[in-house]
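With the hints as extra help, turn the sequences into a complete structure.
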Amino acid sequence: NCKLLEGLKMMDLEHKVLLTGTPLQNTVEELFSLLHFLEPGRFPSETTFMQEFGDLKTEEQVQKLQAILKPMMLRRLKEDVEKNLAPKEETIIEVELTNIQKKYYR
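Going by UniProt numbering, the sequence shown opens with residue 1, and the numbers climb by one from there.
Just so you know, not all the hints are guaranteed correct.
Dumping the calculated PhoX-like pairs for lysine-lysine here, alpha-carbon to alpha-carbon at most 25 Å [to be verified]:
{"no.": "1", "residue 1": "Lys70", "residue 2": "Lys57"}
{"no.": "2", "residue 1": "Lys70", "residue 2": "Lys16"}
{"no.": "3", "residue 1": "Lys70", "residue 2": "Lys9"}
{"no.": "4", "residue 1": "Lys16", "residue 2": "Lys3"}
{"no.": "5", "residue 1": "Lys64", "residue 2": "Lys16"}
{"no.": "6", "residue 1": "Lys88", "residue 2": "Lys102"}
Label pairs and their calculated CB-CB ranges [stated by the list, open to error]:
{"no.": "7", "residue 1": "Leu97", "residue 2": "Lys16", "range": "15 to 21 Å"}
{"no.": "8", "residue 1": "Leu69", "residue 2": "Leu4", "range": "18 to 24 Å"}
{"no.": "9", "residue 1": "Ala67", "residue 2": "Lys16", "range": "35 to 41 Å"}
Source of the hints: derived by calculation from the structure; they are not laboratory data.
C-beta atoms are modelled at their ideal positions from N, C-alpha and C, and glycine is treated no differently.
Here it is in structure tokens:
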């Protein structure tokens, strides 16, 4: 993820849209990386962000972070949208490994 975000930051992008099902999956650092990618001017320092939100121990911290995220985040729960989803479709396509893939697969 970090290498991908670093590569994307080097691109001159007029618009940025970030889609994720898990914006805060493991750590607050991961969330900072996403926010820094979207708005580096607003979220310039990981150190400052972590000092403010790193532990998320208090209700005040959680509410402040939610207020920051609210204008840039659209959240939908599965139970709210699943009635509108098409049934899951799975297609299995078997392919032969290349010789080099076979070599490293062992």
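Results of checking the hints against the structure:
1. Lys70 <-> Lys57: 20 Å, holds
2. Lys70 <-> Lys16: Between Lys70 and Lys16 the Cα gap is close to 17 Å, so the pair holds against 25 Å.
3. Lys70 <-> Lys9: 23 Å, holds
4. Lys16 <-> Lys3: 17 Å, holds
5. Lys64 <-> Lys16: 24 Å, holds
6. Lys88 <-> Lys102: Not OK: Lys88 and Lys102 at ~31 Å, beyond 25 Å, violated.
7. Leu97 <-> Lys16: 15 to 21 Å: 37 Å, violated
8. Leu69 <-> Leu4: 18 to 24 Å: 21 Å, holds
9. Ala67 <-> Lys16: 35 to 41 Å: 21 Å, violated
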